[in-house]
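K.L.:
Now for the letters of each chain:
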Amino acid sequence: MSEPVEIRELGFRAASEVVDRFIRLMGEEPRQASPPAGEDRSAAFRQLRADLARAVDANLDLVRRAFDLYSGAIDRFLGGGETDRHFKLPTVVPGHQASSTLWIHNTAAAAAASLRLHGSDLVNHNRKIIPGAAWRFEPDEIDLVPPGASLPVAVNLEVRSDTSAGIYRGHVFVTNLPGEYVTVEIEVVQPADQEQRWRDRQQAS
Amino acid sequence: MAGSATSFVEDVLASHREQMANVLTQYLPNREPRRWLYDLVATYPSRVGKGIRSGLCVATCRAFGGTTEEAMPSAAAIELLHNAFLVHDDIEDGSLSRRGEPTLHRQHGVPLAVNAGDGLAVVGLTPLRDNVRALGSVMSERVFDEFQMLLHRTIEGQAIELGWRSENVLELTPTDYLDMVLLKTCSYSTIFPLRIGALIGSWGGADLGPLTRFGFYLGAAFQIRDDLLNLEGQPERYGKEILGDLYEGKRTLMIIHLLSVADEDERAWLDSFLSAARGKRSPEQVQAMLKMMGDHGSIEFAREFSKGVAAAAREAFDAAFDGLGPSEDLRFIRELIPYMLDRDL
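Heads up: the protein sequence lines correspond to chains Y and Z, in order.
Counting in the numbering used here, the first sequence runs from 1 upward without gaps.
Counting in the numbering used here, the second sequence runs from 206 upward without gaps.
Bound-form chain Z, shown alone (with noise of 0.2 Å):
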C-alpha cells in the first residue's frame, strides 16, 4: 500500500517536473554574460529536485477549483526561488553537494555562487509580475503579500538556525526545533505553496488557517525525514553529502535528543564537537557521533516523531480541504503525507 502511495506520488511529481522544467526554461536569461552568471543560475533549477514544493501549489490550486495555468506563474517563483535559497544555504553550510553533484560554490567559488543566489532570486520575481496576466491585478496582489510573508518566515528561520550554530546553542528542545522548522523550512516547502495554490484556485475563498496547520505538519514530516535521510540514506538517491549534517554540525532533532539523554562526560565531547569549525570535525569524530546517536535512540526518537506528527497530518487534511470533491489532486496530496515517511530521496 506504501509502495503503490509512493509510487503514485512519484509520477504525478514525475509530470509536474517535466512540466516545469518548460516553464522555467523561459524565465532563465539565456544572455550574456553567460560564463560567470547565467549559467550559473541556471546550474541548479536544470538538476533534477523533487518538485514538490511547485507540485503541491499547482495541485492545491486544482484541487480547489482553478486551473494550471492559473498556478503556473506562483508556482515557478517557488521553484526560482527555492533554487536561490539552496545555493545561499550550500555555501552557508559549506555543503559539497546538491542533486547528486558538486555544490554551485565548488564548481565556480563563493563570490560568483553568491551572485547567482541573488540572480536566482531576481529571476524569481519575473513570474510573480506574469501573475498580473494570468490573475489580474488584484490577485496578483494577494498572492504577493503570500510571497511576501513566505520570503520573510525563511529567513528569519535560516537565521535562527545559523544563529545556533554559530553561538553553539545547546539546550534546544524538540519544539525549539519544530518553531526553528516551521518558519525554515515549512514556510516555503509546504505552507505558502499549499496557501497559494488555495487562494488561486478558490479565489479568495479558503479558509487558509487550516491549510497552514496541515502545511506545517506535512512539511515538519517532510524536515525530520530529510534529516534522517542524511544519516542513513543512499548517496545515489538522496543526492546529498550523507553526514553532511554532522560535520555541519545542524541541531536535528536527533542532536537535540542526544544532548537531552547524554551523560555529563558525552555532553562535555558534545560541547566541544559543535563548537568546532566544520572542518575541523574528522570523520573518526562524525562516526563516534553517529554511534553516540544510535546508542541513546536519538535517531529511533525521530522516527517515532516524525509519525506523530505525520499523525497530526492525516487528521489536519480533512479539515483543511473540508468540502472539495475527491480528484487526483486531492489524492495525491494525501498520499504526500505516507510519501514523506517513506521517501528515499
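Excised from the complex, chain Y in its bound form (with noise of 0.2 Å):
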C-alpha cells in the first residue's frame, strides 16, 4: 500500500482534475482573479451591486405584469368593452379538485382594498349543481391592489365523488370589484371516460 501521504496527494489532485473538467464542460471558467483596477469589491460593493440588482429584476418584473394587465385591457377594448372574462378549469373526475390560477386585474384609477373572492354555485343543463362552498382560494382575502396593478390567485374546486358528469357553469366575483367578475367553466368525466379520451389522442398521434 501507498504511503498515505501518497494516497492524499492522489485524492487532491484526482478530485482537481475532476471538477476542473466539469466546470469546462459547464463552460464556467475562473472569472479573473483580481478585480479590475478601480473596481471595488468590498462586502458593501457587493450589497449594493445585488440591491440594485433587485430592484432592476423588481422592474422587469412590473414591466411584464403591466404587460400582460394592458394586453388584456386592449382585447378587451377591441372586443367591444366587455368586461366579462371567461375562465376554464381543466377537466376534472368526481372526488378531486380542479386547480388553475386566476389574475384578478384593478383596472380602476383607484385603489381597491379589502377584497374578497367568492364564487357562486355552478350547474349544468340537468341543473345539477356543484355548490359555491366547494371553491377555495388562496389568498382568500387581499388588503389591497393599486390602481392598473393585477394579483394572481390560486383557485381550486372540490369536486364531490357523486358529482354527475357535465359542463358545469357559474360565475366568480371579487367583493369591492363590481367590474371585475369572471365567467367559469368545467367539465366533469367519469373516470373511464377519461381515459378514453386519452387512447383516442393517443390514436390519433
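By construction, these hints were calculated from the structure, which means they are not laboratory data.
It is possible that some hints are incorrect.
[Unchecked claim] Straight-line alpha carbon distances no greater than 25 Å define the calculated SDA-like cross-link-like pairs of lysine to any residue that follow:
#	chain 1	residue 1	chain 2	residue 2
1	Z	K512	Z	L546
2	Z	K512	Y	D20
3	Y	K88	Z	T331
4	Y	K88	Y	Q190
5	Z	K455	Y	F12
6	Z	K455	Y	S2
7	Z	K455	Y	E17
8	Z	K496	Y	E6
9	Z	K485	Z	L495
10	Y	K88	Z	E471
11	Z	K512	Y	I23
12	Y	K88	Z	L448
13	Z	K512	Y	V5
14	Z	K496	Y	E195
15	Z	K512	Y	R13
16	Y	K88	Y	N176
17	Z	K496	Y	E3
18	Z	K455	Y	L10
19	Y	K88	Z	K485
20	Z	K485	Z	E471
21	Z	K455	Y	R13
22	Z	K512	Y	S16
23	Z	K496	Y	S2
24	Z	K512	Y	E9
25	Z	K455	Y	S16
26	Y	K88	Z	L546
27	Z	K496	Y	P4
28	Z	K512	Y	S2
29	Y	K88	Z	A482
30	Z	K512	Y	P4
31	Z	K512	Y	E6
32	Y	K88	Z	K512
33	Z	K512	Y	E3
[As the list claims (entries may be wrong)] So, partial list: chain Z residues that the calculated Cβ filter (under 10 Å) puts toward chain Y:
#	residue
34	G271
35	V386
36	L387
37	A521
For every residue, glycine included, the Cβ atom is placed at its ideal position computed from N, Cα and C.
Take the two lone chains, each set in its own frame, and fit them into one complex as the hints suggest.
P.N.:
Encoded structure:
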C-alpha cells in the first residue's frame, strides 16, 4: 500500500482534475482572479450591486405584469368594452379537485381595498349543481390592489365523488371590484371516459 | 477542536431542521388518498434527516447577503426532491432501512412506494412556483435553470452507478468513482445548494465556478465518509443498514481499490461476488469481503483519500467565498469540511 501522504495527494489531484473538467463542460471558467483597477469588490460594493440587481429585476417584473394587464385591457377594448372574462378550469373526475390560477385586474384609477373572492354555484344542463362552498381561493382575502395592478390567485374547486358528468358553469366575483367578474366553466368526466379520451388522443397522434 | 466544530455544525443543523420541518408541513398535501399516497409521501420527510443540503443552501444565501425567507422555497424544494430520490434509490438498491426505520417499499410494497416517490417529486415543484412570489419572475427563472441542471446531473450519476452494477463493471479507477459521485451525490447535496444559495444571496453577482469546485470537494468527502460509515458506523446513529453497500455490490472507493490490488484468485472471487444478485450474497461472503478490504488496506486508502479531497475543499473555500465578511453562516459552511470527515451519522 502507498504511504498515507501519497494517497492524500492522489485524492487531492484526482478530485481537482475531475472538477476542472466539469467546470469547463459547464462553460464556467474562473473569472479574473483580482478585480480590475478601480473596481471595488468590498462587501459593501457587493451588497449594493445585489440590491441594485434586485431593484432592476423587480422593475422587469412590473413591466411584464403591466404588459399582461394592458394586453388584456386592449383585448377587451377591441372586443367592444366587454368586461366579462371566460375562465376554463381543467377537466376533472369526481372525487378530485381542479386547480388553476386566476388573475385579478384592477383596471380602475383608484386602489381597491379589502377584496374577497367568492364563487357561485356551478350548474350543468340537467340542473345538477356543484355548490359554491366547493370553491377555495388562495389568498382568499386581498388587502390592497393598486390602480392598474394585477394579482394572481390560486383557485381550487373540490368536486365531490357523487358529482354527475357534464359541463358546469358559474361565476367568480370579487367584492369591492364590481367590474371584475369571471364566467367559469368546468367539465366533469367519469374516469373511464377520461381514459378513453386519452387513448383517442394517443391514437390520433 | 474537531469536537467543538462538529457540535457547532450539529447545533446549526438542528435549528435549521426545526425551521424546515414547519415549512415542509405547508407543502405536504393533507388530503385523500392518504392511506395509499399522501401518508407515504410524508413518511421520509417526517423522519429526521441531516438537513445538510437545505441548510447549506440557506446558509450560503445569507452569507452572500440574502435572507432566510428568500432561500427557503428553494431549500424546501431541495429537501423534498432529496426525499423523492431516496425513495427510488432505496428500491433500486434493495435497501432495508432508512433513517433508522424500514424503507418505504418494505413498509408498503414497491408499487405504492414508487408512486409515492413520484408524488414527492411533484410536491417538490410547488416551492419552485412559490419562488416567483419570494424572488420575482426573473430570479425565479434563473433558480429554475439551476434546478433543471441539478436534476439532470443527479439522474445521470445514478444511471452510471446502476449501470456499473447491472453490467458488473470492474475496471474502475478512483477518477471514475469521483466522476460518478460528482453527478450522483455532489450535484444535489452540495454543488447546486451552494450555487442556488449564492445566486439568490448575491442576486446573480457571485462567481459560481469556485462554488462548484468547493461544492464538489465537500460532497465527495461527504460521500466517501458515507461509504466508510456503511462499513463501520454505529447502526443506531447511521440509520441505514450497516454493510448494506456490500450486500448491494455498490462500487465504492474501497471496492475499486480492492479490485486494483487483489491477486488473481481474489479477483475471480470478487468478480463472482459482485456479479451475483443482492439476495445471493450471504452474510459470510460479506464478512469475507470486509476482511479482504481490511487486509488490503482499502478502508485506510479511502480514509486517506478523503483527507486529500477535504484538503482540496479547504483550499477552495477561500476562492469560493472571497471578499465576504465574517458571519456565523460562513463559519458553518467552513466547519462542514472537518464535519464531513468526522461525522458519525
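K.L.:
Give a verdict on every hint.
P.N.:
Each hint tested on the structure:
1. Z/K512 <-> Z/L546: holds, 7 Å
2. Z/K512 <-> Y/D20: holds, 19 Å
3. Y/K88 <-> Z/T331: holds, 22 Å
4. Y/K88 <-> Y/Q190: Satisfied, since the Cα-Cα distance of roughly 18 Å is no more than 25 Å.
5. Z/K455 <-> Y/F12: holds, 23 Å
6. Z/K455 <-> Y/S2: holds, 24 Å
7. Z/K455 <-> Y/E17: holds, 23 Å
8. Z/K496 <-> Y/E6: holds, 24 Å
9. Z/K485 <-> Z/L495: holds, 17 Å
10. Y/K88 <-> Z/E471: violated, 68 Å
11. Z/K512 <-> Y/I23: holds, 22 Å
12. Y/K88 <-> Z/L448: violated, 55 Å
13. Z/K512 <-> Y/V5: holds, 10 Å
14. Z/K496 <-> Y/E195: At roughly 56 Å apart (the allowed maximum being 25 Å), Y/E195 and Z/K496 break the hint.
15. Z/K512 <-> Y/R13: This hinted pair holds, its Cα atoms lying about 12 Å apart.
16. Y/K88 <-> Y/N176: Holds, at about 23 Å.
17. Z/K496 <-> Y/E3: The given pair, whose Cα atoms are some 21 Å apart, holds under the 25 Å limit.
18. Z/K455 <-> Y/L10: Holds, at roughly 22 Å.
19. Y/K88 <-> Z/K485: Between Y/K88 and Z/K485 the Cα gap is close to 56 Å, so the pair fails against 25 Å, i.e. violated.
20. Z/K485 <-> Z/E471: holds, 18 Å
21. Z/K455 <-> Y/R13: Distance ~24 Å between Z/K455 and Y/R13 Cα, so the pair holds.
22. Z/K512 <-> Y/S16: This hinted pair holds, its Cα atoms lying about 14 Å apart.
23. Z/K496 <-> Y/S2: Distance ~19 Å between Z/K496 and Y/S2 Cα, so the pair holds.
24. Z/K512 <-> Y/E9: holds, 9 Å
25. Z/K455 <-> Y/S16: holds, 24 Å
26. Y/K88 <-> Z/L546: Measuring from Cα to Cα gives roughly 56 Å; hence the hint is violated.
27. Z/K496 <-> Y/P4: holds, 20 Å
28. Z/K512 <-> Y/S2: holds, 15 Å
29. Y/K88 <-> Z/A482: violated, 52 Å
30. Z/K512 <-> Y/P4: holds, 10 Å
31. Z/K512 <-> Y/E6: holds, 11 Å
32. Y/K88 <-> Z/K512: violated, 59 Å
33. Z/K512 <-> Y/E3: holds, 13 Å
34. G271: holds, 8 Å
35. V386: holds, 9 Å
36. L387: It holds, given that the least Cβ distance between Z/L387 and chain Y is near 6 Å, below 10 Å.
37. A521: holds, 9 Å
Taken one by one, the earlier hints fail for this structure at numbers 10, 12, 14, 19, 26, 29, 32, listed in ascending order.
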